[in-house]
Structure formats: C-alpha cells, structure tokens
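Peer 1: Keeping their order, the protein sequence lines are chains A and S.
Counting from 1 along the first sequence, just add 1 to a position and that's the residue number in this note's numbering.
Counting from 1 along the second sequence, just add 1 to a position and that's the residue number in this note's numbering.
Because the hints were derived from the structure by calculation, they are not lab data.
It is possible that some hints are incorrect.
Given that identical chains are not distinguished, each listed pair holds provided it fits within a single copy or across any two copies.
Unchecked claim - In silico DSS-like links for lysine-lysine, alpha-carbon gap of 30 Å or less: (1) K28 <-> K56; (2) K146 <-> K78; (3) K52 <-> K146; (4) K28 <-> K55.
Every value quoted in this text rests on a predicted model; they were computed, and no experiment measured them.
As a plain string of letters, each chain reads:
There are 2 protein chains.
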Amino acid sequence: MKIQRGLLMVLCSAVALCGCSHLPDNKDVLFQTSTISALLEGAYDGEVTCKELKKHGDFGIGTFDALDGEMLALEGKVYQIRADGKAYCAEDSLSTPFAAVKFFEADKTIVPDTSLNFKELEECLDRLLPTKNILYALKVEGVFKYIKTRSVPKQRKPYPRLVEVVKNQPTFEFPNIRGTIVGFRLPAYVDGINVPGYHLHFITEDRSAGGHLLECSTSNVTIEVDYTRAFFVVLPEHGDFYQVDMTEKKEGELERVEK
Amino acid sequence: MKIQRGLLMVLCSAVALCGCSHLPDNKDVLFQTSTISALLEGAYDGEVTCKELKKHGDFGIGTFDALDGEMLALEGKVYQIRADGKAYCAEDSLSTPFAAVKFFEADKTIVPDTSLNFKELEECLDRLLPTKNILYALKVEGVFKYIKTRSVPKQRKPYPRLVEVVKNQPTFEFPNIRGTIVGFRLPAYVDGINVPGYHLHFITEDRSAGGHLLECSTSNVTIEVDYTRAFFVVLPEHGDFYQVDMTEKKEGELERVEK
Chain A
2 MKIQRGLLMV
12 LCSAVALCGC
22 SHLPDNKDVL
32 FQTSTISALL
42 EGAYDGEVTC
52 KELKKHGDFG
62 IGTFDALDGE
72 MLALEGKVYQ
82 IRADGKAYCA
92 EDSLSTPFAA
102 VKFFEADKTI
112 VPDTSLNFKE
122 LEECLDRLLP
132 TKNILYALKV
142 EGVFKYIKTR
152 SVPKQRKPYP
162 RLVEVVKNQP
172 TFEFPNIRGT
182 IVGFRLPAYV
192 DGINVPGYHL
202 HFITEDRSAG
212 GHLLECSTSN
222 VTIEVDYTRA
232 FFVVLPEHGD
242 FYQVDMTEKK
252 EGELERVEK
Chain S
2 MKIQRGLLMV
12 LCSAVALCGC
22 SHLPDNKDVL
32 FQTSTISALL
42 EGAYDGEVTC
52 KELKKHGDFG
62 IGTFDALDGE
72 MLALEGKVYQ
82 IRADGKAYCA
92 EDSLSTPFAA
102 VKFFEADKTI
112 VPDTSLNFKE
122 LEECLDRLLP
132 TKNILYALKV
142 EGVFKYIKTR
152 SVPKQRKPYP
162 RLVEVVKNQP
172 TFEFPNIRGT
182 IVGFRLPAYV
192 DGINVPGYHL
202 HFITEDRSAG
212 GHLLECSTSN
222 VTIEVDYTRA
232 FFVVLPEHGD
242 FYQVDMTEKK
252 EGELERVEK
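Bound conformation, chain A alone (with noise of 0.2 Å):
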C-alpha cells in the first residue's frame, strides 16, 4: 500500500514536470552534476555513479573521480579516455565530480561543403543557431583530416587547482581519422556552473582514444545540434564540494583550463 502510494506521487510529480504546455519534457533537459568552478577548485571527488548518470542521458561529457580522465558519452556507453589518450568502457560503479548529459535528439543536421576547423566550426554553427541564449548539445561525426586532443591525469590528495594540472597535460594527435565530436555551446550565463561556448571532447569510430578537443580540421563530417531549453544541475553532498571557495571570479582561469 505504501509503495503503491510512493509510486503514485512519484507519477504525480512526473506529470507535473511534463504536463506543462511550455515546458519541455523529461528527455530534453541537460543534467548536470556539481559546477565548473568547484572544479577549478579541486573538487574532484567523485558523487554520481556512471551509471546514475545513464539515467539522465546518453550523450555527454564530464570527467571522473580523482580527475582520472575525459568523460564521452555516446549512444548510452561511458567511455573514460585517461592519461594516455585510450579509450575505456566506465564501469557503472565509477563516479563523477562533474559531467552534463542528455538524451540526444537532433533538431538541426549540417553538412559543411568545406573543411572547418575548430574556430570555423565555432563561427558556422555561430550563425546558423537561431539563438546564443539557449543550451545546445552537438555532435560531430565523419572524417576529420586531424584531431589534437588532451586528457588529464588522475590527481592524489591533497587535489591541486585545476588550473594547476592542465600545465602539464599530455596531448594526442589523429591525422585522418574516423570518429565523432560530443559536447556543448552553453550561453555565457552559465559561467561558473558550466562552461560558456563550446566545450567538446572526441573519441574514435572504433573507441579506442580521444580526449578533450583543442584543435580539428573536418574533412567529410555530418554535424547535428539538438535545441535545449532545460537544465537540471545537482549540487554534491559529499566530499570538499561544501568547503571550497566559489565566491571569487579567477579572470581567464577557465580559458586557460578548457583550450
């Protein structure tokens, strides 16, 4: 009886989050986990389980307990590249310190007729979204004529800044390779939850490497961007998420830790 009766508050509340003319339904919102700027702090303790954050969305990007590695999520798989630019299947078990994920569903596709690379692909997408003010999942697929990336290393305590451990972060480059581009342009309110712009990461056709993407040159790509008008952030309970300073905007720290 009781269960029954948590079940039926539990679809009540469903309803009410979907039954709303102008709202968008469950499966388009971007969940996120913690903030950017308890990251550049050094809160990298792991909160939300890889496989809590399926539930949330099959497509997205993060990272893991401890800063061990970019997070891809792609087609409902996590995959964990670390500090030697390979690609892992995560674990359900393994958790995260921070990552955005939904379920991805295009609303716009491009074919580019020329080759972009990263700033180009930026300005094309610049002017062809009908808004810089809402949330944009994107993903990239095909050929691309080079890829460099970056991952980072796993981190011990007590954690370093962030800003601290991408000084030394080891780089990957691709020529000619197979594979697809997966991440987000965030308007520039969300600066000190997320990261304003884009904010992509890479993995291989077969999932063998990747990382955090710092510079491409598409050759024969499919692009897909899927409109999002939502965003669901949880805030950690554990770990130095209560204790480190946000209050402060460190100028250009962000830019240096995300290109």
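Could you slot chain S onto chain A? The hints should help.
Peer 2: Same frame as chain A, but now just chain S:
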C-alpha cells in the same frame, strides 16, 4: 495502449530522477523559469502560468507578465503585490517571465534572541548555514518592528530595461506588522541565472500587502531554512528571450535593481 505506454515512460523517467541514492527527490528542487539576465534586459513577457508554477513549488518569489508586480508564493498560494503595494490572489492563468519556486520543507529552525535588521539577518544566517555553496529557501515569520518594501509598475512595450524601471519604484513602509518574509539565499555561481546572495519578498499576515524587501527590523520571529541541492531551469520559448543580449555583464546593475 498508447496512453498506458506513455504513462509507463513517464513513470520510468520519474523513477530515474528520484531513485538515485545521491540525488535529491523531486520535492527538493528549486524550479526556475528564465534567467535574471533576461529580466535585466527587459524580457518581461510571461511564459509559465501560475497554474504550471504551482506544480513545481508551494513557496517562492518572482514577477509577472509585463513586470506587473512582485510575486510571492506561500503555502501553495501565489500573491501578486502590485504597484499600489496591495497583495492580490494571482489567477492561475496569469503568467510569469521570471520566478523561482520549490516545495518548502524546513531543515533548520532559528529563533533569534535579539532584533535583527536586514544586514544582521543576513550575517546571522551566513554564520549558521553549513556552506555558501548550496541553495537555501528562507521563511521568516512573526512580528516585525519595521518593514520597507517596493513593488514594480506594469510596463508597456517596447519594454525599458529593468535598471530604468526601478528608478521610479514605489516603496511602502509597515511599522509593527505581522507577516512572512519569503525568498532565497543563492550561491555566487548562479550570477547571471538568478540573484546571488539574499533575495527576499514580504507579505503581511492578513495577505493584504507586501513587496520586494528593502529593509526590516525583526521583533519576534522564527526563521526556517530549507537546504536545497538541486535546481531546474526552464528557458522561455517565446517573447524576447531568444533576442536579448545576455553576453555582457553589466557591473553593478543587479545590485541597483535588487537593493
């Protein structure tokens, strides 16, 4: 059959949202429509109705379509405090361009043993709350020696920017009054999305008047705090939201608007 499958999918989504050990349940989520950046730029077109809003919370603050007054939601009722300082029951069909609500459940209760002005109330809470890095819903109920509020007058298109509107805001004083302060303390990193720090509205015990809180002096009050670790932001699909320029931070504008 189709409806049954639809309900089942909704149920599964809800279980996914609620059934995770580290994630707060649906009731402990701050629900927000639009962003403070958009409101600062004059995006005052209502999108979410009060009826929809009440599905996401029984407690909160905001404003109304065309900036027609201050919103205060308390115990499941939504009040509209218009430019005459009077509180009206908001119709379910009335819509809002910006509001934040949640289901209020106190995690901490404080009974101050001295009178507190606004600044002292903030300092008292800052000392007692466990971290500056999560969200708090705040309810201060009882007798006040003094309350000063303001409200905003309904605007006409083309809408002026918010900083222009508040230059001529009507203010209201309430000596020796019973009532309730309703609002939030939000972390620094929500800047651009909502108001960092304290943002409070007031309504009298007889629900006849109130407004955006400018000054207070407590006499005999109980403070209740609801610790909140998740927020859900839904962005408008219509009106000016897609057009306004939210890329530039206008230093000091938010302070001028909110104080």
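Peer 1: If a hint holds in the structure, say so; if it does not, say that too.
Peer 2: To see whether the hints hold, each was checked on the structure:
{"no.": "1", "hint": "K28 <-> K56", "verdict": "both (10 Å within a copy, 19 Å between copies)"}
{"no.": "2", "hint": "K146 <-> K78", "verdict": "within (26 Å within a copy, 60 Å between copies)"}
{"no.": "3", "hint": "K52 <-> K146", "verdict": "neither (35 Å within a copy, 53 Å between copies)"}
{"no.": "4", "hint": "K28 <-> K55", "verdict": "both (12 Å within a copy, 22 Å between copies)"}
Hint compliance for this structure: hint 3 is the single one not met.
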